[in-house]
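Asks: Sequence:
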Amino acid sequence: MTSEREYVSDHRHELLADLDQWLRIPGISAQPEHHDDVHRSADWFADAARAAGFPTVEIWPTPGLPAVYAEWPSAEADAPSVLVYGHHDVQPVDPIELWHTDPFDPTIDGDLLRARGASDDKGQ
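Numbers given in the numbering used here equal positions in the sequence shown, counted from 1, plus 19.
Just so you know, the hints here were simulated from the structure itself, not pulled from any lab data.
Virtual Cβ for every residue (Gly too), placed ideally from N, Cα, C.
Don't take every hint at face value.
[Said to hold, decoys possible] Taking CB as the label site, the calculated pair distances span:
{"hint": "1", "residue 1": "E77", "residue 2": "R24", "range": "26 to 32 angstroms"}
{"hint": "2", "residue 1": "H30", "residue 2": "S100", "range": "24 to 30 angstroms"}
{"hint": "3", "residue 1": "I115", "residue 2": "P82", "range": "27 to 33 angstroms"}
{"hint": "4", "residue 1": "A98", "residue 2": "D128", "range": "38 to 44 angstroms"}
{"hint": "5", "residue 1": "E116", "residue 2": "R31", "range": "28 to 34 angstroms"}
{"hint": "6", "residue 1": "H30", "residue 2": "A94", "range": "30 to 36 angstroms"}
{"hint": "7", "residue 1": "A70", "residue 2": "P114", "range": "32 to 38 angstroms"}
{"hint": "8", "residue 1": "G83", "residue 2": "D130", "range": "33 to 39 angstroms"}
{"hint": "9", "residue 1": "D124", "residue 2": "P99", "range": "40 to 46 angstroms"}
{"hint": "10", "residue 1": "P92", "residue 2": "A70", "range": "17 to 23 angstroms"}
{"hint": "11", "residue 1": "E52", "residue 2": "H119", "range": "37 to 43 angstroms"}
{"hint": "12", "residue 1": "D62", "residue 2": "T120", "range": "22 to 28 angstroms"}
With the hints as constraints, model all of the structure from the sequences given.
Replies: Spelled out as structure tokens, the structure:
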């Protein structure tokens, strides 16, 4: 069986290409003009979870913006549950003049991938 680290190493380029697509979605929840983008971000994440094999993936409408729920049940009925919680929206980019590159055009800088949301939470 391949370890997680080996898998990531072997599939680095595909994983970065996928993340690049998601980071290009300016899903800024604090700005109503980007609410359609937040919906696109939810759709993107749900599609990615399905492609990864999650058998249950749902987009939950809320009074505000959508949440994505994905579940991968254990093969063992008595196994403990693991909950992973995160968000798919991003914060505003202001002041834009402090950015050296377009915040929604991911840029490789050495070993770093720079874009709005790359480390909070999309890149996690």
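Asks: None of the hints should be skipped; say for each whether it holds.
Replies: Here's how the hints hold up against the structure:
1. E77 x R24: 26 to 32 angstroms: holds, 30 angstroms
2. H30 x S100: 24 to 30 angstroms: holds, 27 angstroms
3. I115 x P82: 27 to 33 angstroms: holds, 30 angstroms
4. A98 x D128: 38 to 44 angstroms: Distance hint for A98, D128 holds at roughly 40 angstroms.
5. E116 x R31: 28 to 34 angstroms: holds, 33 angstroms
6. H30 x A94: 30 to 36 angstroms: violated, 23 angstroms
7. A70 x P114: 32 to 38 angstroms: For A70 and P114 the Cβ distance comes to about 36 angstroms; the hint holds.
8. G83 x D130: 33 to 39 angstroms: 36 angstroms Cβ-Cβ, so the 33 to 39 angstroms window holds.
9. D124 x P99: 40 to 46 angstroms: Since the Cβ atoms of D124 and P99 sit about 41 angstroms apart, the hinted range of 40 to 46 angstroms holds.
10. P92 x A70: 17 to 23 angstroms: Since the Cβ atoms of P92 and A70 sit about 18 angstroms apart, the hinted range of 17 to 23 angstroms holds.
11. E52 x H119: 37 to 43 angstroms: violated, 24 angstroms
12. D62 x T120: 22 to 28 angstroms: Cβ of D62 to Cβ of T120: about 26 angstroms, so the range 22 to 28 angstroms holds.
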